[in-house]
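All chains should be built: construct the whole structure from the sequences, respecting the hints.
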Amino acid sequence: MILEILSIGIIISACLALFLDEVVYSVAAFSGTFLFTALLYWENGSTYAAIFQFAVSVGTLAILFLSGEMLSDKALKKTSPEKLGALLGVGVVLSLPALFLSVSSSGGSYGVSTSSFGNALWNLNGLDVVLQALVILTVALGIAIILYERRKGAS
Amino acid sequence: MDFVILSIVILAIGVYGLLTNRQLIKVFISIELIAIGATLNFVMLTSALGQGVGQAYLVLAFSTETAVSAVILALLVIVSKRYGTTDISKIIKSMGEKAENEAETQ
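Going line by line, the protein sequences match chains D and Y.
Mapping the first sequence onto the working numbering, position 96 (from 1) lands on 96, and the numbers just tick up by one.
Heads up, the working numbering is the position in the second sequence plus 1000, with the first residue counted as 1.
Rather than coming from a laboratory, the hints here were simulated on the basis of the structure.
Hints are supplied without guarantee of correctness; some may be wrong.
Computed far set for chain D versus chain Y, every beta-carbon distance over 10 Å [as the list claims (entries may be wrong)]: (1) I63; (2) K78; (3) S80; (4) G85; (5) G89; (6) E149.
Computed list of lysine-lysine pairs in DSSO-like fashion (alpha-carbon distance at most 27 Å, straight line) [unchecked claim]: (7) Y:K1098 / Y:K1081; (8) D:K152 / Y:K1098; (9) Y:K1093 / D:K78; (10) D:K152 / Y:K1081.
All residues carry an ideal CB built from backbone N, CA and C; glycine is no exception.
Next comes the structure, spelled out in structure tokens:
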């Protein structure tokens, strides 16, 4: 029952995040999507995934709130209660397929041995290298964008 | 309760938002929703199989997602600084006007 409520919450908050008129309210609704997703992971037994999801979502939401407040156009109309009700209805309707339909698998095991999260991280050393490469790539991209803008501003 | 269908629905909402929204921040939220749909499918399938490997790869997926978000936000700030708005239709309009002005000066 909890999983169903969480999945309905994810879809409703996703609809609200995309179709509310005010950007700050959209970001607030989007925080609900992140929170419900983390809780869904937690309830499903993926504790580490829930913690990572929560940690990543906090950073993303902080940046989204700041950019939403600073960059959005100020003169926006407020969402009417009718539209809000329609969005909630659409969210409930969209969550029905996930509740009542199912994609059945052919059954049987997938032939892969189970392992814990700690063992997996310990054995997959290549992940560390890839993660560090990603961080360096992002920093390099950021520096390239800043230098490009400065050169363009100077010329 | 089927998490594959749930993730497909989230993915579809994200794609619909990506195609219909005009605000750049909403476009960014749509991209995040698509990423949530993908990771949800990944985590739920691997947890159903009882594997920690899926969660370990999830760390990789999250770091990729964060890197993509950082780059998109940097581009968003640059575009809004240059054109003074985050509305895609206004940005395209001012880009067209700029191109026309350049063509006239040449």
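Here's how the hints hold up against the structure:
no.: 1; hint: I63; verdict: 6 Å, violated
no.: 2; hint: K78; verdict: 15 Å, holds
no.: 3; hint: S80; verdict: 18 Å, holds
no.: 4; hint: G85; verdict: 18 Å, holds
no.: 5; hint: G89; verdict: 14 Å, holds
no.: 6; hint: E149; verdict: 6 Å, violated
no.: 7; hint: Y:K1098 / Y:K1081; verdict: 16 Å, holds
no.: 8; hint: D:K152 / Y:K1098; verdict: 16 Å, holds
no.: 9; hint: Y:K1093 / D:K78; verdict: 25 Å, holds
no.: 10; hint: D:K152 / Y:K1081; verdict: 14 Å, holds
Hints 1, 6, counting from the list given before, are not met by this structure.
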